[in-house]
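Chains as they are written, first to last, in the numbering used here: chain P, 6 to 800; chain S, 194 to 361.
Don't read these hints as lab results, they were simulated from the structure. Every value quoted in this text rests on a predicted model; they were computed, and no experiment measured them. C-beta atoms are modelled at their ideal positions from N, C-alpha and C, and glycine is treated no differently. Treat the hints with care, as some may be off.
Residues on chain P that point at chain S, a partial pick, calculated with CB under 8 Å [unchecked claim]:
1. GLN24
2. LYS32
3. HIS179
4. TYR312
5. THR313
6. GLY520
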Amino acid sequence: MKQGFSQRDRSRKFIGKYQHKIDGPVKASGKAKYLDDIVLKSQHPGLLYAKVLRSPHPHARIKSLDTRKAEALPGVHVVLSYKDPEIAAMKPTQAGWTPFNTTSYDRMLWSNTLDRRVLSDTVRWVGDEAGVVVAAESPEIVEEALRLLEIEWEILPFVLEPVDSMKPGAPLIHPEINPTGNIQPPSPDMNSHTFIDVGDAETALAEADAVVEVNTEYNNSDQGCLGTRGCLMQWEGDKLTVWTSYYQADQTRMHITQMLNMPMHKVRVINPYIGGSFGRGNLGEQPFFIFTAVLAKRAGKPVLYQYTRREDFHDTRNRVLYNCRLGAMKDGNITAIYLNSIGDSGAYSDDTLGATDFVVREWAEANLGHIPNKKCETRAVYTNKIPGGIKRGIGNNQVNLAFGIALDELAEKLGMDPVELAIKNICFEHRPIPDRSLVAVLNEGARHIGWEKRLKPGLGSAKRGTRKRGFGFSLNNSWHAAWQELPRGHIQVSMRVNPDCTVILDAPTAETGTGSNTCNVLACAESLSFLGIKLEDIEWIAHTDTERGLKDQVQTDSAISYVQAEVMGKAAGMIKAQVQQRGAQKFNVKPEDIEVQDGRVFVKSTEEEISVKDLLWGGNLVPLLASVNETLPEENTGLPYVATFAEVEVDEELGLLDIVKLVVVHDCGTVIFPPGAEGQQVGGQAMAIGETMMEEIIYDRRTGVPMNFNWIDYKIPTILDVPEVEPVLLEVWKGAGEYGACGIGESVTTCAPAAVANAFYNATGVRLMSIPFTPDKVLKALETARNPSISKAAR
Amino acid sequence: MELIRIKVNHRWSELGIGKDLQPDTTLAYLLRQRFGLTGLKVACDEGACGACTVLVDGKAILSCMTLAIEMDGHEVLTIEGLPADDHVIRAFAEQSEPGYGTAIQCGFCTPGFVMSAHGLLIENPHPTLQEVKEGLAGNLCRCGCYPAIAQAVLKAADEMAEPRREVL
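With the sequences and hints as input, model every part of the structure.
Laid out in structure tokens, this is it:
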């Protein structure tokens, strides 16, 4: 058996112990109910099915629309289009109002790119939700009704590549946002495409002893959640109930009430179990919520709008092209960094600048704050492709591919070990170099992968036949310690202690599989350990519901586990005070004379005692109740580090790149639920391997048609594709608060692509810069290196 | 009306073609919508992900790729038909051995994996790690719990080492 991580604070009773996941039994037995399982026809009498017209064209406008034949089809209840006065009067919107905190329409993040309509006459990618939606008695009738629509299209020219889209004369995709081109306005708070400009990067690069330049391409990949997007909506009078697989119930309610001008108490949103998130529901503000609500109102019946697998290719990780230059002096001190990126937004802006500006701004300020000369610029560009939305670790993966490769290349140029170069130059802001967290993470990674076996680039350690081995790594900071989550505002949690001393824990968050539910229960048990309770005495409420009384915490920022755990201590303190009060009544003393320990209530001076259970059971049988409404610690404690180390084997003849082993190291501060954390680490590598090796949406360049919106042609890693993965958990850094933990759910995917790229280079002496590293790209890169002239001619 | 007989989770049912099911009704649709057996999931509906896996006469099959009328005279077992103390379910639920993570995260694929694992263990009660991987290669887990899933299946196989009781 493997050893597992070593806990810093061994006095904990529940936190940090290897033990079962709380929802293991309900999920393993197939009893957990997801959206799909609560929308059966038999469960909702009169249920109607809705579907939207999907654009067959990459760019077109509906010139004329006749819906009469569709409306006349038996079984069709409502046909709704962009021409409908209620729809036409709706505000323009955006699919990224907020990254995590509840946000109203007028305070939305990307207020300068309101580029979506609930239903529009214009379509901008093949598969775009076009201007007509139908509700009917069966999915088959809906399909037939959509076929009966008589539409005359005005076909518009389209553009797929952002470099083409940026050129003058390119077809305008959103003239209402930018009447002269396809570059989106910069972030509202920046007002410039250059978001960092410190010192003089150009001059410093010119004066540096060693300069490297890399051009990377991080292609788009789908979130690929097994559960598809969807919602079921039902009206009773003026009240709307929504069941959805989008994981932010409170923000969904905000979105619907703001778009439909409804009071908040008249919309109830419920999240059942959710079949994966990976950033997908982060863009919660989707037109489908609005048109489904209108359909259900008009029909007077419940309406289900659910995506098929093929339709669920709806938004992806943003494709980003980077140009990265680094300059250093002979002693290994990095003096300049220049980053220039093009964010391929696809048809709608969504959160592209979140990926290419916000994330990179924070990352550069945090990790490279001490480097004197820095310039970073980005342009988010529309193209006629699937929109880039949010996927696990938004923006980090893309910049890490560029910076991770550049760092590796710079180390070679300087004749340094890249681990040494990283430790010499990178530290979290306000901390001394070398950064303790970074040193621990990199040293552990190097030890576990066997870094000492790494030879000089191109020599291919452990060469056998045409196969060469190589080692590489990449590092990043993790994100979202408590201080970064302050915009969430108040965190609400409640505990009820029943008269039999069992606990109902209400720590609302959609259960998407992150393991935060188990973390919740562990933290609850830890904080209530004076009651002498066991884990099985705690019931965690698995579904979110805006009517339950507490605001949900959105499963973003990898943050829920500790955000909710941190405030539980306060609730537990309130429970303790209530036990003391009841004990004081029982023994006729003052509450402060009462102590509560390990399930016993006793008078400090006389040692008269009673068990908590007997005390509560002998009382009025009303549960103890503590509801907290607390903000998080404000102290800026910086952030810890993460790294992935890779060992690869390359067959130079066949162009095969095999990942032999990945070691993924996280400094978590405090590990709350080790099997959950290791599950994130291991599973994150599987997802990263998909992006690194196989996942990509492929277009027919002539027609703009995406060719692989299905899971046969779009390859997702199977159990056979995942090599040995060794997860390593550390507790070096510590944030503010009781646990001072830092989430890892997103950063697990950040470093593998650059680590594999660097390992490939170490094996072969050849650079791969465009993921996924499919065999054709590998062969081409190897061939180009062997014979540059042939390859140039072929291009 | 033509009738077919299907044994679902140990009990025979008679279904009328044209009434209870259509000639093109998939087994997955029938089990979920008519029998309310929602443990199996339809995540792709085209045989690419394995979430709809059930056992037919002891063999793991994709119920989204199987027509319900083909099941006339056959025995179908879904996850709901497994015993409450099923060793595979328990192994998936309890996997927490250090170094592998949990065998479940979001859980949407899990019933399919459990049924594929049963199919594998019926054919090969003592699989090697590689055989487990090959046996489960038709199931996708986007959360990427694969190493832990393999551990769970190996553990379930170990537990079955004593004379194995019948699954069906």
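Hints and how they fare:
1. GLN24: Because about 6 Å separates GLN24 of chain P from the closest Cβ in chain S, which is inside the 8 Å limit, the hint holds.
2. LYS32: This interface hint holds because 3 Å falls under the 8 Å limit.
3. HIS179: Check failed: Cβ of HIS179 of chain P comes no nearer than 32 Å to chain S, outside 8 Å.
4. TYR312: 11 Å, violated
5. THR313: With a closest approach of 7 Å, the THR313 of chain P hint holds.
6. GLY520: 7 Å, holds
Checked against the numbered hints above, the structure violates hints 3 and 4; every other hint is satisfied.
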